[in-house]
Amino acid sequence: MLRRNLAFYLIFITTGFLVFSFSPSKAEDSQDPIKLTLHDWTGQLVTTNLMAEVLKKAGNNVELVQADYIAQFAGLKTGDLHVAMEIWETTGRDAMDEATATGNVENLGETGMMAIEEWWYPAYMKEKCPGLPNWEALNECAEAFSTPETAPKGRYVGGPVTWGGFDDERVEALELDYEVIHAGTDAALFAELESAYQRQAPVLLWVYSPHWAPSKYEGEWVEFPEYSAECYNDPSAGLNPDLAYDCGKPRGPIWKVAWSGVKDKWPGAHSIIQNFSINNEEMGAMISAIDLEGKKLEDVVMQWMSDNEDRWKAWIN
Amino acid sequence: MHAEHSTRTDVLLKKHPYAFIWTLLAMLTAVLMFLGKSEVRWAFKVPRELRLNLKSYISDFMDWLVNSADLGIFTFYELTRGISWMLEKPLDFTTGILATGLMSGEGSNAVQLTPPLSWLAVILVLVCLGRYARDWKLAIFVGCCFAYLALFGQWQSAMVTLSSILIAVPLGVFGGLVLGIMAHRWRLFEKFITPVLDLMQTVPVFAYLLPILFLFGFGPVAAMIATIIYAMPPMVRVTMLALRQVPDQLRDLGNMVGCTDYQMLRRILIPTAMPSLMVGVNQVIMLSLNMVIIASMIGAGGLGYDVLTALRRLDIGAGVESGLAIVVLAIALDRLSQALAKKRTKIRDSSDSQHFFVRYPYTCLCSLILVLITLIALVVPALQVYPESWSLTTGSFWDDLVKYININYFDELEAFKVFVLLNILVPLKRFLLALPWPMVIVAVALAGYQLGGARLALLTAVLSLFCAVVGLWDKSMITVYLCGISVLFAAALGIVLGIIAAENLRFGKMIEVVIDTLQTLPSFVYLMPVVMLFRVGDFAAMIAVIAYSIVPAIRYTLHGIRQVNPQLIEAGLVSGCTDWQILTKIKLKLALPQVMLGINQTVMLALSMLVITALVGTRDLGQEVYIALTKADTGKGIVAGLCVAFIAIITDRLITAAVDKSKKRLGLKQVN
Numbered sequence: 001m002l003r004r005n006l007a008f009y010l011i012f013i014t015t016g017f018l019v020f021s022f023s024p025s026k027a028e029d030s031q032d033p034i035k036l037t038l039h040d041w042t043g044q045l046v047t048t049n050l051m052a053e054v055l056k057k058a059g060n061n062v063e064l065v066q067a068d069y070i071a072q073f074a075g076l077k078t079g080d081l082h083v084a085m086e087i088w089e090t091t092g093r094d095a096m097d098e099a100t101a102t103g104n105v106e107n108l109g110e111t112g113m114m115a116i117e118e119w120w121y122p123a124y125m126k127e128k129c130p131g132l133p134n135w136e137a138l139n140e141c142a143e144a145f146s147t148p149e150t151a152p153k154g155r156y157v158g159g160p161v162t163w164g165g166f167d168d169e170r171v172e173a174l175e176l177d178y179e180v181i182h183a184g185t186d187a188a189l190f191a192e193l194e195s196a197y198q199r200q201a202p203v204l205l206w207v208y209s210p211h212w213a214p215s216k217y218e219g220e221w222v223e224f225p226e227y228s229a230e231c232y233n234d235p236s237a238g239l240n241p242d243l244a245y246d247c248g249k250p251r252g253p254i255w256k257v258a259w260s261g262v263k264d265k266w267p268g269a270h271s272i273i274q275n276f277s278i279n280n281e282e283m284g285a286m287i288s289a290i291d292l293e294g295k296k297l298e299d300v301v302m303q304w305m306s307d308n309e310d311r312w313k314a315w316i317n
Numbered sequence: 001m002h003a004e005h006s007t008r009t010d011v012l013l014k015k016h017p018y019a020f021i022w023t024l025l026a027m028l029t030a031v032l033m034f035l036g037k038s039e040v041r042w043a044f045k046v047p048r049e050l051r052l053n054l055k056s057y058i059s060d061f062m063d064w065l066v067n068s069a070d071l072g073i074f075t076f077y078e079l080t081r082g083i084s085w086m087l088e089k090p091l092d093f094t095t096g097i098l099a100t101g102l103m104s105g106e107g108s109n110a111v112q113l114t115p116p117l118s119w120l121a122v123i124l125v126l127v128c129l130g131r132y133a134r135d136w137k138l139a140i141f142v143g144c145c146f147a148y149l150a151l152f153g154q155w156q157s158a159m160v161t162l163s164s165i166l167i168a169v170p171l172g173v174f175g176g177l178v179l180g181i182m183a184h185r186w187r188l189f190e191k192f193i194t195p196v197l198d199l200m201q202t203v204p205v206f207a208y209l210l211p212i213l214f215l216f217g218f219g220p221v222a223a224m225i226a227t228i229i230y231a232m233p234p235m236v237r238v239t240m241l242a243l244r245q246v247p248d249q250l251r252d253l254g255n256m257v258g259c260t261d262y263q264m265l266r267r268i269l270i271p272t273a274m275p276s277l278m279v280g281v282n283q284v285i286m287l288s289l290n291m292v293i294i295a296s297m298i299g300a301g302g303l304g305y306d307v308l309t310a311l312r313r314l315d316i317g318a319g320v321e322s323g324l325a326i327v328v329l330a331i332a333l334d335r336l337s338q339a340l341a342k343k344r345t346k347i348r349d350s351s352d353s354q355h356f357f358v359r360y361p362y363t364c365l366c367s368l369i370l371v372l373i374t375l376i377a378l379v380v381p382a383l384q385v386y387p388e389s390w391s392l393t394t395g396s397f398w399d400d401l402v403k404y405i406n407i408n409y410f411d412e413l414e415a416f417k418v419f420v421l422l423n424i425l426v427p428l429k430r431f432l433l434a435l436p437w438p439m440v441i442v443a444v445a446l447a448g449y450q451l452g453g454a455r456l457a458l459l460t461a462v463l464s465l466f467c468a469v470v471g472l473w474d475k476s477m478i479t480v481y482l483c484g485i486s487v488l489f490a491a492a493l494g495i496v497l498g499i500i501a502a503e504n505l506r507f508g509k510m511i512e513v514v515i516d517t518l519q520t521l522p523s524f525v526y527l528m529p530v531v532m533l534f535r536v537g538d539f540a541a542m543i544a545v546i547a548y549s550i551v552p553a554i555r556y557t558l559h560g561i562r563q564v565n566p567q568l569i570e571a572g573l574v575s576g577c578t579d580w581q582i583l584t585k586i587k588l589k590l591a592l593p594q595v596m597l598g599i600n601q602t603v604m605l606a607l608s609m610l611v612i613t614a615l616v617g618t619r620d621l622g623q624e625v626y627i628a629l630t631k632a633d634t635g636k637g638i639v640a641g642l643c644v645a646f647i648a649i650i651t652d653r654l655i656t657a658a659v660d661k662s663k664k665r666l667g668l669k670q671v672n
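Residue numbers (my numbering), protein chains in the order written: chain A, 1 to 317; chain B, 1 to 672.
Heads up, some of the hints might be wrong.
Said to hold, decoys possible - List time: in silico DSS-like cross-link candidates among lysine-lysine, alpha-carbon distance up to 27 Å:
no., chain 1, residue 1, chain 2, residue 2
1, B, Lys403, A, Lys296
2, A, Lys265, B, Lys89
3, B, Lys343, B, Lys509
4, B, Lys661, B, Lys191
5, A, Lys56, A, Lys295
6, B, Lys509, B, Lys191
7, B, Lys191, B, Lys663
8, A, Lys295, B, Lys191
9, A, Lys153, B, Lys191
10, A, Lys263, A, Lys296
11, B, Lys137, A, Lys128
12, A, Lys295, A, Lys57
13, B, Lys343, B, Lys137
14, A, Lys296, A, Lys265
15, B, Lys509, B, Lys403
16, B, Lys589, A, Lys216
17, B, Lys89, A, Lys56
18, B, Lys403, A, Lys126
19, A, Lys216, A, Lys313
20, B, Lys663, B, Lys589
I should point out that these hints are in silico values taken from the structure, not numbers from a laboratory.
Given only the sequences and the hints, what does the whole structure look like? Please build it.
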């Protein structure tokens, strides 16, 4: 009895796979749901929900799935997941390149938003350190940015180790008297900022945009020597003749990526996703509306849809 | 003169052989440390020739498993996908019933066939279940717990979480039962499964999350499989133990009346072992709920996702509300399952010709409630979906509280933190990192030999050597430092609280509530406020580890003291002991083995918190596992995970051996 059941299941499973793998590709979009991934920051939720709404208007079937930012590439390669709307040049480039190199993942171009990531300080720190935002003022103010554990060096809270960013290298190359402390997550990073801001205490940390933090807190980015590819790759370029990374961080686009099968299975959706474009200001306003004014994400997304009907209609055609 | 000296050494050696060896070891270590890295480099950096590139082998194996492993008629990958397809159906069904309504079709084209169960109906059915399981008190308690979920607007997410628990728990229980029975039947299988269970319980979940994602696909099913792997081991252990404890007379009886193997199992072994088995069920439920946060990172949704997103936007209040919803759900399910476990099932006489609804009053009542409320809900939408306008919120209370503490007490907290950091944490970390690795391994092996003999010495030596040869020695030492110091504080504080709780009943009741909350509240909820008050770094990590791992230290101390034979205490009273003497000379001494077990559990929980503390930027093995996860590096994650597991196993074996020794000395009977 048990054996027969087992055999039945095995046949059942295998036929399931056969049917699935031999289904013919059609010119029209498949009515299977396109799975878009959701991560855990508001901006990405907005982008993805916008995309989903537009695809629905075009008659596609969509499904939103929660997945980790980097771990999702495993799913995109196998076709379990189909579209990821925000891969940041600054944090996701390596994972994206690795995935596209396999041929199973495709880069669908820029979202139109530019990622900014840099050292950031609250506006009240300018009183204690008038030379800012010029990076050369940082060493004069190292004491002001220090804590008992790091004194006399200043304390800079960097992003999680996984974000890269070359801050340890930057500190060495630019001879900054700072200690780089890596926060483990984005939440911990902004918990530090919130805590310091409440006390109007010194803080210097990695902030990125589009994010709610630059709208909620008043402050500025430190101005480092401008980024160039040579500065990162060639030690002799830049201020320090012996070391690379003697400049600021690159500012780069936020990319859209998809499973390579999307093109054949949903050709219509494929081109709509490629057309999708939105800018930092719009996004910043929507993020603030949600995180700071407490509006509902769905309402903000629907508002954008009704305000920008011409734009998304043009993406569909 | 010379001869006399040597005999004195002989005597010393005979009397305290270990003290002598330990001194020798310490001296040797001191010499090596004095010579320093420049002279004896091999003692501080594991030489390249000894390194084992295990992680790339594991990654390659994983690639092979996903891409080319073929089992004849289908590939391994298809098999795992088949399994996840089969698990998806029941999960979709329960989620449909409880949370989203049954759907036909996929994605945004799906049409709702039936609405989900009304919140009121679910609450009432659970109240009935509580009354059935024990009494009105439990019924009202469970009702209040679920009412919290509705009142604070957590209903929808809580039902998503509950539906995955409803599938994961039976599967975990069933799987555990089967493995336990197999281990009971075949000695060889038991020998094989025991170390596997150790690993399942100690390897951090993040380490095997990636392979699971690769094999089982993204989404709730993969999350559920991870949950089952994490929650099943106690069930296997409990099953093995419970079956072993079935009295021989009962087996003989079974043999005499001619039971087949199946009958023996079904009619004799399992019913007799039932009360113990239910303890396992209870553990599975609690552990499944512990996984809620991690499961939400790979697409399980529900309450865990709410906690994560709330804290991403630093909305501490919302995080606490969702976190408490997990606590409430866990406690309600725990109390219900415990009550059901204790309930004696009446043996029914099948010839009984009573009416159906007299025989099954609760089943009938529940069905009636369900049908009635579902029908009413069709007309009254407020019964269908809990209206938002009725929900409560703590609003900005929690955020304001943290802000208040932050603004008014930060300097005091900072002073305390700096003191502890500079005087305890940093020196200890430097010391451990400066120790030559061969000496540490020798010391661990020696401790193993002293406490448990040659076999234990070999085990501890091999396991610690593993951490060295895979090139994770420094990270392992940081792990030992962070966990060690946290366990020290947690044990000190926990034992004191346990003693007070044992002596003072009211305090004891209070602390039980606190312990239950600490155990089930996702640590992520208090991690962020801790970061706000103590900044990122080891200190914040330590506080979080202590908060989580203090629970068993308190619990076991409390139980240990309460279990002390009252006659012995009386004997102490009669012979004129003061209260203090009774506590220190009688109660604590006799409770020592229990307390040690508690500390053992504290160590295990501290190690399992490592992955969470990686989120505040520690530099230990937990961070290594976390980085491996985000970089999708299977091999790296598993190797680092194994190191964590080995540290846990070494500590566990050493403490268990020590407990056995002290039990023998105290003349207590061997437990287990």
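Now the hints, each set against the structure:
Taking the CA atoms of lysine 403 of chain B and lysine 296 of chain A, the gap is near 25 Å; set against the 27 Å cutoff, the hint holds. Straight-line distance between C-alpha atoms of lysine 265 of chain A and lysine 89 of chain B comes to about 25 Å, which keeps the hinted pair within the 27 Å bound. A C-alpha spacing of about 24 Å is found between lysine 343 of chain B and lysine 509 of chain B, which places the hinted pair at or below 27 Å, so the restraint holds. Under the criterion of a C-alpha separation no larger than 27 Å, the hint pairing lysine 661 of chain B with lysine 191 of chain B is consistent with the structure, at around 24 Å.
For the proposed pair lysine 56 of chain A and lysine 295 of chain A, the alpha carbon gap of about 23 Å is at most 27 Å, so the pair holds. Restraint check: the Cα-Cα separation between lysine 509 of chain B and lysine 191 of chain B comes to about 41 Å, which exceeds 27 Å; the hinted pair is violated. Annotation: proposed proximity of lysine 191 of chain B to lysine 663 of chain B holds, straight-line Cα distance about 26 Å (limit 27 Å). Of the supplied pair hints, the one linking lysine 295 of chain A and lysine 191 of chain B is violated, its CA atoms being roughly 58 Å apart against a limit of 27 Å.
Taking the CA atoms of lysine 153 of chain A and lysine 191 of chain B, the gap is about 56 Å. The hint is violated against a cut of 27 Å. Restraint check for lysine 263 of chain A and lysine 296 of chain A: not satisfied, since their Cα atoms lie roughly 33 Å apart, outside the 27 Å limit. Between lysine 137 of chain B and lysine 128 of chain A the alpha-carbon distance is near 61 Å, which puts this suggested pair outside the 27 Å criterion. In summary, the hint linking lysine 295 of chain A to lysine 57 of chain A is supported, as the alpha carbons are separated by about 23 Å, within the 27 Å threshold.
The straight-line distance between the Cα atoms of lysine 343 of chain B and lysine 137 of chain B is roughly 15 Å, inside the 27 Å bound, and the hint therefore holds. Distance check on the hinted pair: lysine 296 of chain A and lysine 265 of chain A sit about 33 Å apart at the alpha-carbon level, beyond 27 Å; violated. Taken as a hint, the lysine 509 of chain B and lysine 403 of chain B pair is broken in the structure, with Cα atoms around 31 Å apart against an allowance of 27 Å. The straight-line distance between the Cα atoms of lysine 589 of chain B and lysine 216 of chain A is roughly 57 Å, outside the 27 Å bound, and the hint therefore fails.
With a C-alpha separation of about 26 Å, the suggested pairing of lysine 89 of chain B with lysine 56 of chain A holds against the 27 Å cut-off. With a CA separation close to 23 Å, the supplied pair lysine 403 of chain B and lysine 126 of chain A stays within the 27 Å bound. With a CA separation close to 33 Å, the supplied pair lysine 216 of chain A and lysine 313 of chain A exceeds the 27 Å bound. Distance check on the hinted pair: lysine 663 of chain B and lysine 589 of chain B sit about 10 Å apart at the alpha-carbon level, within 27 Å; holds.
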